[in-house]
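Required output: the full structure, derived from the provided sequences and hints.
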Amino acid sequence: LAKTTQPISMDSYEGQEVNITCSHNNIATNDYITWYQQFPSQGPRFIIQGYKTKVTNEVASLFIPADRKSSTLSLPRVSLSDTAVYYCLVGPMDSSYKLIFGSGTRLLVRP
Amino acid sequence: ETGVTQTPRHLVMGMTNKKSLKCEQHLGHNAMYWYKQSAKKPLELMFVYNFKEQTENNSVPSRFSPECPNSSHLFLHLHTLQPEDSALYLCASSGRGALTDTQYFGPGTRLTVL
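Just so you know, the sequences run in chain order C and X.
Each residue of the first sequence is one higher than the one before, starting from 4 at the first, in my numbering.
Each residue of the second sequence is one higher than the one before, starting from 152 at the first, in my numbering.
Everything labelled a hint here was simulated from the structure, so no lab data went into it.
Mixed in with the good hints there might be a few duds.
Claimed, not checked - Here are the computed distance ranges between Cβ atoms for each label pair:
| no. | chain 1 | residue 1 | chain 2 | residue 2 | range |
| --- | --- | --- | --- | --- | --- |
| 1 | C | E61 | X | L178 | 18 to 24 Å |
| 2 | C | P10 | X | S171 | 35 to 41 Å |
| 3 | C | S44 | X | P234 | 18 to 24 Å |
| 4 | C | A31 | X | T206 | 18 to 24 Å |
| 5 | C | S44 | X | L178 | 18 to 24 Å |
| 6 | C | T86 | X | S171 | 22 to 28 Å |
Ideal placement from N, C-alpha and C gives every residue a C-beta, glycine not left out.
So this is what it looks like as structure tokens:
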């Protein structure tokens, strides 16, 4: 699986837009990019997934440049409840795989 | 997400005990997973079952023994654990065993080994 690099932590304030960037320089042609969110003492929760360009859902947007060597998770107008760890995962859609969660980005939203 | 349940939610056991963690999914999925999350460490994939067959064993010590009797149930049998095995154990399920399938996680079992 392509290795990913994310900032260890980020701080923001309520109402701001937060952009978390993930680097995956050796992403393969058939790799997808998936983001998960994890609150303390809970299992991760799927946020968004994409292959190229831009994907948007009710929670977030995912921006993927043409070279796909990075991706940016965008959270619009964060609230205190968005304080969590955000994981970027990159891998193929094979039926047999090894899902690797990195250290993630710990986002702290302040009042 | 109430689709994946885990019991017990908390477990304290001695190093000589034998216990089992249970996971049940009500989502009609065919793949189930065990993860370990130690304090301040990334999630570690332990086992993957696809259609009741184990497809991944991520070099997990034999004191952890998984069992998947059917696509809806997954167990993790524990015996002679070490204090460093104390962690949050998470179960997840997905439609298949593919990354593009969203994984749904249970609430986890907080395990403490004394």
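Checked hints:
1. C:E61 x X:L178: 18 to 24 Å: Holds - the Cβ-Cβ distance for E61 (chain C) and L178 (chain X), about 20 Å, lies within 18 to 24 Å.
2. C:P10 x X:S171: 35 to 41 Å: holds, 39 Å
3. C:S44 x X:P234: 18 to 24 Å: holds, 20 Å
4. C:A31 x X:T206: 18 to 24 Å: 20 Å Cβ-Cβ, so the 18 to 24 Å window holds.
5. C:S44 x X:L178: 18 to 24 Å: holds, 22 Å
6. C:T86 x X:S171: 22 to 28 Å: Because 34 Å falls outside the window, the suggested range is violated.
Figure legend: structure checked against the earlier numbered hints; the only hint not met is number 6.
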